[in-house]
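There are 2 protein chains.
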Amino acid sequence: MDLVLERHLKRAAAATVLVAVALARSASAQVDLLRSWNDGAAKKAIVDFVHSTTTQGSTSFLAPADRIATFDQDGTLWVEHPVYTQVIYCLDRVPTLVKEKPELANVEPFKTVLSGKRAAIAKLSMKDLEKILAATLTGMSTDRFQVDVKRWIDTATDSRWHRRYTELTYAPMLELMKYLRSNGYKTYIVTGGGQDFVRVYSEETYGIPPEQVVGTAEGVKFGYDKEGRPMLTKEPKLLLNDDNAGKPEGIHLMIGRRPSAAFGNSDGDRQMIEYTKAGNGTRLAMLVLHDDAQREYAYGPANGLPDTKVGTFSQRLFDEARKDGWVIISMKNDWNRIFSSEEVAKKEKR
Amino acid sequence: MDLVLERHLKRAAAATVLVAVALARSASAQVDLLRSWNDGAAKKAIVDFVHSTTTQGSTSFLAPADRIATFDQDGTLWVEHPVYTQVIYCLDRVPTLVKEKPELANVEPFKTVLSGKRAAIAKLSMKDLEKILAATLTGMSTDRFQVDVKRWIDTATDSRWHRRYTELTYAPMLELMKYLRSNGYKTYIVTGGGQDFVRVYSEETYGIPPEQVVGTAEGVKFGYDKEGRPMLTKEPKLLLNDDNAGKPEGIHLMIGRRPSAAFGNSDGDRQMIEYTKAGNGTRLAMLVLHDDAQREYAYGPANGLPDTKVGTFSQRLFDEARKDGWVIISMKNDWNRIFSSEEVAKKEKR
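Protein chains in written order, with my numbering: chain A, 1 to 350; chain B, 1001 to 1350.
Keep in mind the hints are simulated off the structure, nothing from the lab. Don't take every hint at face value.
As the list claims (entries may be wrong) - Calculated cross-link-like contacts (lysine-lysine; reagent style DSS-like; alpha-carbon spacing at most 27 Å):
1) A/226 - B/1277
2) A/117 - A/99
3) A/277 - B/1117
4) B/1044 - B/1221
5) A/237 - A/226
6) B/1237 - B/1226
7) A/221 - B/1127
8) B/1237 - A/221
9) A/99 - A/237
10) B/1221 - A/323
11) A/221 - B/1178
12) A/277 - A/43
13) A/277 - B/1150
14) B/1044 - A/237
15) B/1323 - A/221
16) B/1226 - A/150
17) A/323 - B/1226
18) B/1309 - B/1131
With the hints as constraints, model all of the structure from the sequences given.
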């Protein structure tokens, strides 16, 4: 008898999918889910891919369970220049850290950060930065860390647009994620950034729940607090370096399936995209090229753009993309709007 | 405008949930989803928990996103005696391994396994077993491993019931997982067994997709095969030992949320349950006690049952469960049917 109920439930679920698909399609005449995208090769690649993988009977059809799409975060979903948002968080945490551990006030690199001298801070070595990251991202309970990040992300603003970082997410990419989800795709973030960090705001910002965020992860240690309550402490022990080859490795660990679509913007996303494209059937691979100095930033060095150490898009990556049919998204030409917050601004004016 | 569409989609989704819930409730009068459970404290604890956490307005109400339930596998979802199924897989792989690497034929412990002498195999030390596990679970591509495990799990049978291992899953636990899912819970396996191993059959056997299996995990290494195609190779490098304290640590890594309900059967599940119970609000913790030598096995040593090294349920765990309100499931008294395959047998007879 419970088989009957299961069938009912399955039918109800199938009915919803049909309703959702019907709504999406009937609406597509009036509403363009991808309205921040200009017509062109990039937008066409997305629409064609989704159409061919979700049309019953198509040779490229994918069962809903196999519809996995992975997105890099920094430079793909939100601004990464002049410096990664998480690094700013870590620098901002230093005064609180020193309040708790006063002995650090005269120890480098904390002393330099406390001085507030931007030129000196910008010159900190990678080793110094790693010390700051370890001191501000580990050593506390996972609960405490979540509270700290939440408070910061809700209030801190960037220095160019004076907006919260979560307002500097790219509207076209948010639309793309929604469009994929409305077509049965499960969207994942696969980021070189901290898994615990991104999970704090991913649901509210991207509609992606914590369990669908794969990122660089330190180990946590189970133990008990003074009152004997179980707790997890963040340890300075790298478990997954989710960048470059670490991205497909992290995808295997955390998802266990090969994505059908992958989106990135830098050399750190190369192996994730190669792994995605190496699967059978139709696959979509796209790279955001930051070629819009006016509305955002311009960096490569691919295609003659200025070189950078933050989110490097090399000529080698550009050539591999061209050769293997990965689609390059030109921020300048393919996006008629950059930030999710622009929409809000326009609406407020009406 | 796409906000209008999103609202529509959300309403459609909400409508389905209502339809599903209504169906589940209207059906509950006639159909008992938990029909392999005898009436008693264990069944009541499940029904009460689900009712209180899914009833709007209840002080224990949980938003669907927070409905996370974690299940140990060995001894909780399927038989673990006399030896873990995955260990049998590894022993069964040895002849193939030696065919590929003939130099192992005269090397211990492979020589003993090849001899087929059960008494000698049973006496292998933990160190010997680890050598066999490493040799049969790592060194190959992830794709190859999946094919090998799939072929084995589809054909190998156990020596007592002569049934495939996936037929020796516990019917009451499968019902419980379905019951939770039909009430909006996301079900996860959190096992000391190999993550890659369990993921091969978890969807078909338990209705749990690979990305919802957390298990002991070795690292994988990204690289390219001779034809230059990207591939992942399983490495003998332990990343997550998903047992004891490793269970809550693995839950944090892979899910990033604290479960609301957790199910286990041995000392290896203690920390997962403590972590689950330490959260706010109503939580459900249950332990399967193997006290049915006739229909399955009897082991503890809790409650005067025979001692064992496979799936130990210590008196200490038993006492902690009693003290902290974890519910103990007696296989003998709480389950009117043990195996999922019994149902099939009955139906075939009709």
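### Hint numbers not upheld by this structure, sorted from lowest to highest
3, 4, 11, 14 and 16
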